[in-house]
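A.B. asks: So the chains spell out like this:
Protein chains: 2
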Amino acid sequence: MLNRLHFTFSDEKTKQHAFNAIRQEQQHIGYYALPEQNTAPIHDYCNTINETVDTIVVIGIGGSSLGAKAVYEFIKPTRTLKRKLYFFESTDPVNIAALLEKIDFEKSHFLVISKSGTTVETFSIYKYLFNLHRNPASYTFITDPGSPLEQYAKSIDAAVLHLPDNVGGRFSVLSVVGLVPLALCGIDIEKLLSGAKCVKESFFSDGYLKETLLTKAAFYAKHHAQYHINCLFAYSEALKYFCEWYVQLWGESLGKHQRHSAFNVGLTPIGLIGPKDQHSFLQLIMEGTRDKSVTFIKVEDFHDKTQIPQRTLEHLESLDVLNGLGFAELINMQCDSVTEALLAQEDIPVDTLVLESIDEATIGKLIFYYELLTSLVGELIDVNTYDQPGVEAGKIILKQKLKNRA
Amino acid sequence: MLNRLHFTFSDEKTKQHAFNAIRQEQQHIGYYALPEQNTAPIHDYCNTINETVDTIVVIGIGGSSLGAKAVYEFIKPTRTLKRKLYFFESTDPVNIAALLEKIDFEKSHFLVISKSGTTVETFSIYKYLFNLHRNPASYTFITDPGSPLEQYAKSIDAAVLHLPDNVGGRFSVLSVVGLVPLALCGIDIEKLLSGAKCVKESFFSDGYLKETLLTKAAFYAKHHAQYHINCLFAYSEALKYFCEWYVQLWGESLGKHQRHSAFNVGLTPIGLIGPKDQHSFLQLIMEGTRDKSVTFIKVEDFHDKTQIPQRTLEHLESLDVLNGLGFAELINMQCDSVTEALLAQEDIPVDTLVLESIDEATIGKLIFYYELLTSLVGELIDVNTYDQPGVEAGKIILKQKLKNRA
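Residue numbers (our numbering), protein chains in the order written: chain A, 29 to 434; chain Y, 29 to 434.
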């Protein structure tokens, strides 16, 4: 994975500070160790799931679903997978009904994922589904050791898997939270982790990503008051759900009261898909307020030879320049053209990430790259990257409303 | 459709100016007249499409696809429609291959939508598909009268429909661009237009939406330097693609050089879906920089009676407060709870749109409401709402690259 920056940052002291902080953080933040985990227990668990099960259903929301969805939807269009994967992540009744129509309970296994075991969305849906299909063997619960949810699971004799220590939801895709549903669908989780490990080693062992990540993080942090919107412009439809994962990771980690001043700060993530969003959001980047940085993502090798035919259309001869061009080549030319147009503006920070291809190792790299970048920027803009106190107020109000109706 | 604002704007002169400008604009901007159009020609055209056709395929991008997609995806989960609707809107080869697998050429009709007839994405895909299925009777072209594309269509003896005058792509959903694919799928376009007309009349004929829209637009415009990110937080999965339509409408219309100063201004649109994005983006709104306004959208009546069962789960008794609650009631309680949490912050501009239900008239209202709001804000922040000069630079670079390879 190449990362070409079109901006610089030269204060070595800032970069050294960020690097040291992150190196230390490894002692108490759990996600850093995930690439080296022992996956044998996951495979052992997967072998307990009957071969007649053709659908995996995740009941979970936010960090419990976005990561697995990002990886699954990245790989799915390129390959026939072992099982289908669905996600119940909304209390929208129309959405629940539509999903139910796709599911055969007898051929499905349900993964109920909740750290606390009290997530309103997850348990509203679980109660509803369990009422329709009361076979505990069809459910696995993924939760904290000793949680009330684990106790419940044991009381009905259902399988339980444990979340690892000190790994927050939005950093949990490379733990059981993501790996179990992905492995059950036939995604190669060893390759996924090997990609993550490759980025981790490059960063911590003086590989080329160390300098790149530190420069990018320091630039974003220094200019966070001006360039406080960060657009990820991915030229591949397969990255649509990766963008959603990125939005949670970036927004929920970096939108905070500062640790030492309590000022409100935040970097706003926006996920875009090219070339489609050239026809939607590009105008605003090009001519709007100068508050946006843009990271382009392109896929070097789509493993695709589809070409635009050598055909002239009468009266539309100007389109002959497209003839014989591969679609894979075209989409990357489109990405390059827009990159050049933005660079010509001179006041829009731009960088490009080049992915080798569409496979597990590549998405593993991209995930760990963004996790490291988030941790670095969080440290430098002085926030606690790993909590989310701002979502509590709404939950408390909802609880009160629920009590009032009883 | 109710719209409750939790902020005020009292300068009557600004509002009067905006209202007069929009009233005048109707003389040369075409979208205002669309609610009253004669739809007989659209129905006549639809009757020419064989009943054996079960799939409509739009080849178009941006304004040529987002509007129809927003309406179709809003209605689809609630009803069995007459035909399926697919969109080819990317040059991503993996995406093209995946879509092709879903399509039976013999049972499909293709709508090629392009104002100019030179859109690179649309014609790369068209050339490819036409090479696979060379039957002109399977294609209809929607373009400007007299364009080279119309001449081509006539040369192969294919059907042609004309775009209306002075209606830009992102304002074209209520013209043939959106109405033809929707009518072919059995969506009631009369009801869609009647919804739009209802909002139009309320605005222009001193209905309650006149004051609401003017207040909201004036507030957004006055504070555009501070609250320059506008979040649309919709509590219904059915509005996911409406959000994408909104992002194009808002971003491409309002991200511009100002008319009189040439300063870069812009309002950045963000589409969110609740409750899912409470677990992703809400933290940033609650504790991040105070640069965001939030519009909540809720559906008053989901026409759904699904309830959470009256069941106690051992060790999880705290969840009993959910028992017997309808999902429709729950999702709206979640919306109300987050609204109250934001209002308690006191420095986040919030308003709520309440949709009656999920049907054509409702989405017609919502569309016209946002079109009017966009026009009003564009006038007040001094931009040309209807052009998009910023996207040309990338196109010119791409053309040069295409020529260079020849």
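To be clear, the hints were calculated from the coordinates, so they are not data collected in a lab.
Hints are not guaranteed to be accurate.
It does not matter which identical chain is meant; a pair holds if it fits inside one copy or across any two.
In silico lysine-lysine, DSS-like type, Cα no more than 27 Å apart, as pairs [as the list claims (entries may be wrong)]: (1) K423 with K130; (2) K431 with K250; (3) K112 with K238; (4) K427 with K238; (5) K423 with K333; (6) K43 with K219; (7) K268 with K104; (8) K429 with K182.
This one's a predicted model, so the numbers in the text were calculated from it and none came from an experiment.
A.B. asks: Are the hints correct? Go through all of them and say.
C.D. replies: Evaluated hints:
1. In the homo-oligomer, the alpha carbons of K423 and K130 never lie at most 27 Å apart, since the shortest distance is 31 Å inside one protomer and 42 Å across protomers.
2. Taking identical chains as interchangeable, the C-alpha atoms of K431 and K250 are never at most 27 Å apart, the minima being 46 Å within one chain and 41 Å between chains.
3. With identical chains, the CA atoms of K112 and K238 are never at most 27 Å apart, being 37 Å at best within one copy and 49 Å at best between copies.
4. When the C-alpha separation of K427 and K238 is checked against a cutoff of 27 Å, the pair qualifies neither within a copy, at 45 Å, nor between copies, at 37 Å.
5. In this homomeric assembly, K423 and K333 come within 27 Å of each other (Cα to Cα) only across copies, at 24 Å, whereas the closest approach inside a single copy is 51 Å.
6. In this assembly of identical chains, the alpha carbons of K43 and K219 never lie at most 27 Å apart, being 30 Å within a copy and 59 Å across copies at closest.
7. Taking the shortest Cα distances, K268 and K104 sit within 27 Å of each other both inside one copy (12 Å) and across copies (21 Å).
8. For a Cα distance limit of 27 Å, the shortest separation of K429 from K182 qualifies neither inside one copy, at 31 Å, nor across copies, at 63 Å.
Going down the numbered hints, you'll see the structure goes against 1, 2, 3, 4, 6, 8, while the others check out.
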